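Chain order of the listed sequences is F and Y. Quick note on numbering: this note's numbering labels position 74 of the first sequence as 83, and the sequence is numbered without any gaps. Quick note on numbering: this note's numbering labels position 145 of the second sequence as 154, and the sequence is numbered without any gaps.
Treat the hints as calculated values from the structure; they're not laboratory data. Hints may contain errors.
[Unchecked claim] With a cut-off of at most 25 angstroms between alpha-carbon atoms, the simulated BS3-like pairs for lysine-lysine come out as follows:
(1) Y/LYS87 - Y/LYS12
(2) F/LYS126 - F/LYS160
(3) F/LYS78 - Y/LYS160
(4) Y/LYS53 - Y/LYS122
(5) F/LYS164 - Y/LYS53
(6) F/LYS149 - Y/LYS149
(7) F/LYS93 - F/LYS227
(8) Y/LYS164 - F/LYS78
(9) F/LYS160 - Y/LYS12
(10) Y/LYS122 - F/LYS160
(11) F/LYS93 - Y/LYS122
(12) F/LYS78 - Y/LYS78
(13) F/LYS122 - Y/LYS149
(14) Y/LYS87 - F/LYS67
(15) Y/LYS53 - F/LYS12
(16) F/LYS126 - F/LYS67
(17) F/LYS168 - F/LYS149
(18) F/LYS50 - Y/LYS50
[Unchecked claim] Estimated spans, in silico, between C-beta atoms of each pair:
(19) Y/LYS93 - F/LYS160: 34 to 40 angstroms
(20) F/GLY99 - Y/LYS219: 49 to 55 angstroms
(21) F/SER222 - Y/LYS12: 30 to 36 angstroms
[Claimed, not checked] Only part of the chain Y face toward chain F is listed, based on derived beta-carbon distances under 7 angstroms:
(22) LEU96
(23) GLY99
(24) VAL100
(25) PHE147
(26) LEU157
(27) PRO170
(28) VAL172
These numbers come from a predicted model, not from an experiment. Note that beta-carbon positions come from the ideal geometry of N, C-alpha and C, so glycine has one too.
There are 2 protein chains.
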Amino acid sequence: MKKAVVVMSGGMDSTLCATLALKQGYEIIALHFDYNQRTMKREKQAFNDICDRLNITKRLSLDVSFIAKIGGNSLTDKSMQVPKTGLSDGVPNTYVPYRNGIFLSIAAAVAEKNDAKAIYIGVVEEDSSGYPDCRAEFIKTIQNAINLGTKDSTKIEIKMPLVSLSKADIVRVSLENNSPLELTWSCYESEEMACGVCDSCRLRLNGFKKANSTDPIKYKF
Amino acid sequence: MKKAVVVMSGGMDSTLCATLALKQGYEIIALHFDYNQRTMKREKQAFNDICDRLNITKRLSLDVSFIAKIGGNSLTDKSMQVPKTGLSDGVPNTYVPYRNGIFLSIAAAVAEKNDAKAIYIGVVEEDSSGYPDCRAEFIKTIQNAINLGTKDSTKIEIKMPLVSLSKADIVRVSLENNSPLELTWSCYESEEMACGVCDSCRLRLNGFKKANSTDPIKYKF
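In isolation and in its complexed conformation, chain F is listed as follows (with noise of 0.2 angstroms):
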């Protein structure tokens, strides 16, 4: 059986992408990463929920703090201030400096150990807080670096079958497909009620907007 590593935050992206490679017939090795973000149990909750839901039994959770020691961003430095007025131009300070190429790069190792052929990983580029570790052309990009860099019997391929949707698009996919939104967990600040005006909830939210559908998970405004 073909296998895949997905990165697995416990979002409503990276869960429709382990959905959606189950449907392609993967068997997958869901890869959570904790690095004292502050929801951090919060979003491994929600990973292992996702994860019992759909039956997915190979789960890796990695310690990656060494994260929160670089520092330099608002979700692992509390004496930051996680924007709550709405999204503005540039790249915002919950920007975690090149965490999606950290997480490729480990995923990699992953699959390479265990002969998997692809990794999945849900990066959405335009609908989005604008990281420059979402672009499609640094997804491409650091395949082929992962590609020179492992065994030349290696081959991965990095699959983002979320990067040109909308966040609304998200939410029909994952209702057409039956995607657990329920047990999802996006909110950059709360661990109890989702804070509602994060940048993260906003995009959620208004995502479910456009989509003429009700967030069915709980928030404090």
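Chain Y: place on chain F using the hints.
Just chain Y now, with coordinates in the frame of chain F:
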């Protein structure tokens, strides 16, 4: 003062990189990785001894022990044997899947956070163990990926001054530049005295021999 992140294992290649970066006028951020490899303590000691000697105060030692959790190599998996009968064709079991890809991705995050414009890595392409993540083409491609996956204002050059050198060249250039060879550690297996028979010891000893020099560190054999 221009800044460079130097990936430093404690071995003679990365130590020469640090020596050369200082000579080029860089302020150095020394980056070391612990990953539960067999000689972790000894390498960390070498790293600190070398930084002390070179007056490098900015040091970042990061726990990347998830590498041992991924496994698939004899440096972290003690149930596997480190080869001791000489270099063979193909990729040996001391190859840690995509290690330099992971290290360079983390170095990129450190560089972006700290406004460093260069990353030094002591990869050697020919006179080496044949690891795929030590090839120049890989390093050039991951440099492109890093610049696409970080902020547009972030421009990072990956410098690999040793990539085309032989081990004998590295010994000669180290001696010419007073790189502290006596403080470095290369052995894959032992922490007291170098084993002298693993691939890394063999490459090192052969380099000293061809450079008509004597290795200042102690060996069992």
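Hints, verified against the model:
1. Y/LYS87 - Y/LYS12: Roughly 38 angstroms between the alpha carbons, so the hint for Y/LYS87 and Y/LYS12 is violated.
2. F/LYS126 - F/LYS160: Distance ~13 angstroms between F/LYS126 and F/LYS160 Cα, so the pair holds.
3. F/LYS78 - Y/LYS160: holds (20 angstroms)
4. Y/LYS53 - Y/LYS122: OK: Y/LYS53 and Y/LYS122 at ~24 angstroms, within 25 angstroms.
5. F/LYS164 - Y/LYS53: Distance ~34 angstroms between F/LYS164 and Y/LYS53 Cα, so the pair is violated.
6. F/LYS149 - Y/LYS149: Between F/LYS149 and Y/LYS149 the Cα gap is close to 15 angstroms, so the pair holds against 25 angstroms.
7. F/LYS93 - F/LYS227: holds (18 angstroms)
8. Y/LYS164 - F/LYS78: holds (22 angstroms)
9. F/LYS160 - Y/LYS12: Status violated; Cα separation ~32 angstroms.
10. Y/LYS122 - F/LYS160: With Cα atoms ~31 angstroms apart, Y/LYS122 and F/LYS160 exceed 25 angstroms; violated.
11. F/LYS93 - Y/LYS122: Given that 25 angstroms is the threshold and the Cα spacing comes to 23 angstroms, the pair holds.
12. F/LYS78 - Y/LYS78: Holds, at roughly 20 angstroms.
13. F/LYS122 - Y/LYS149: Distance ~24 angstroms between F/LYS122 and Y/LYS149 Cα, so the pair holds.
14. Y/LYS87 - F/LYS67: holds (23 angstroms)
15. Y/LYS53 - F/LYS12: The given pair, whose Cα atoms are some 36 angstroms apart, is violated under the 25 angstroms limit.
16. F/LYS126 - F/LYS67: Between F/LYS126 and F/LYS67 the Cα gap is close to 16 angstroms, so the pair holds against 25 angstroms.
17. F/LYS168 - F/LYS149: holds (9 angstroms)
18. F/LYS50 - Y/LYS50: Since the Cα atoms of F/LYS50 and Y/LYS50 sit roughly 31 angstroms apart, the hinted pair is violated (cutoff 25 angstroms).
19. Y/LYS93 - F/LYS160: 34 to 40 angstroms: violated (22 angstroms)
20. F/GLY99 - Y/LYS219: 49 to 55 angstroms: holds (54 angstroms)
21. F/SER222 - Y/LYS12: 30 to 36 angstroms: 48 angstroms Cβ-Cβ, so the 30 to 36 angstroms window is violated.
22. LEU96: violated (17 angstroms)
23. GLY99: Constraint on Y/GLY99 not satisfied, violated at 9 angstroms.
24. VAL100: holds (5 angstroms)
25. PHE147: With Cβ-Cβ at 4 angstroms, under 7 angstroms, it holds.
26. LEU157: At 4 angstroms from the nearest chain F Cβ, Y/LEU157 passes the 7 angstroms test, so the hint holds.
27. PRO170: With a closest approach of 19 angstroms, the Y/PRO170 hint is violated.
28. VAL172: Nearest chain F Cβ about 14 angstroms off; hint violated.
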